[in-house]
Amino acid sequence: MRNKQACNVQNAQLSPELKTWLYASGSLTQQLTDLADGEFRVKPIKEHFKRLNFSDAQWMQMPHWHTSWVRESYLYGSEAQPWVKAKSIFPILSLQAKARIFQHIGKKPIGWFLFQRTNPQCQRRVILLEDGWTRQSCYTWHGCKFIVQETFLSAFEQFIQQNLSE
33 MRNKQACNVQ NAQLSPELKT WLYASGSLTQ QLTDLADGEF RVKPIKEHFK RLNFSDAQWM
93 QMPHWHTSWV RESYLYGSEA QPWVKAKSIF PILSLQAKAR IFQHIGKKPI GWFLFQRTNP
153 QCQRRVILLE DGWTRQSCYT WHGCKFIVQE TFLSAFEQFI QQNLSE
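Numbering (our numbering), first residue to last: 33 to 198.
Hints listed in this document are in silico derivations from the structure and should not be mistaken for laboratory results.
Be aware that a few hints might be false.
Straight-line Cα separation of at most 27 Å, DSS-like style, residue types lysine-lysine; simulated pairs [as the list claims (entries may be wrong)]:
hint, residue 1, residue 2
1, K130, K78
2, K51, K82
3, K82, K140
4, K75, K117
5, K119, K51
6, K119, K82
7, K75, K139
8, K119, K78
9, K140, K117
10, K82, K117
11, K130, K75
12, K51, K130
13, K82, K130
14, K117, K51
Make the full structure from the sequences, and use the hints.
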């Protein structure tokens, strides 16, 4: 049975420019900073504790009743409108280990810490959500598992369409 908010990549229109971003490896923080000529900022929206949903728990191979700390934020480049809506899901077990630093980074991007002198293992899936095309990455970093979800908003799609066609 299909989730009404998500569909497979094959069933919807996806521009080649956006597809490149959805499947890019490495730090999205650095890639957006490069695209915006050095401009980048994070605006936290909400931080809270929440039980893992079944799908995320399965992906991280954790019990679905496990509690996680969730950070939601907007990522901005050189435009007034946010480019990406980000959501990070850190199981409590990861916060009791090295990933505890992520709970206290405030307006700093996760990518600054995640890719600093490391290249974490990453599994990726791409889906279409209500807000736009989304890449979900399940990282294993210093033995800690967590999910980073990045939804590319329409302002970002417009920016890359305009600036890459010039």
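Here is what the structure says about each hint:
Under the criterion of a C-alpha separation no larger than 27 Å, the hint pairing K130 with K78 is consistent with the structure, at around 22 Å. This hinted pair does not check out: K51 and K82 have alpha carbons roughly 31 Å apart, beyond 27 Å. Only pairs whose Cα atoms come within 27 Å are accepted, and K82 paired with K140 is accepted, the gap being roughly 22 Å. The straight-line distance between the Cα atoms of K75 and K117 is roughly 10 Å, inside the 27 Å bound, and the hint therefore holds.
Distance hint between K119 and K51 is fulfilled; the C-alpha atoms sit about 20 Å from each other, no more than 27 Å. With a CA separation close to 12 Å, the supplied pair K119 and K82 stays within the 27 Å bound. At roughly 6 Å between alpha-carbon atoms, K75 and K139 fall within 27 Å of each other, so this suggested pair holds. This hinted pair checks out: K119 and K78 have alpha carbons roughly 9 Å apart, not beyond 27 Å.
Annotation: proposed proximity of K140 to K117 holds, straight-line Cα distance about 15 Å (limit 27 Å). With a C-alpha separation of about 18 Å, the suggested pair K82 and K117 falls inside the 27 Å cut-off, and the hint holds. The suggested pairing of K130 with K75 holds, with an alpha-carbon distance near 24 Å, which does not exceed 27 Å. Restraint check: the Cα-Cα separation between K51 and K130 comes to about 32 Å, which exceeds 27 Å; the hinted pair is violated.
The hinted pair formed by K82 and K130 meets the criterion: a straight-line CA distance of about 20 Å does not exceed 27 Å. Between K117 and K51 the alpha-carbon distance is near 17 Å, which keeps this suggested pair within the 27 Å criterion.
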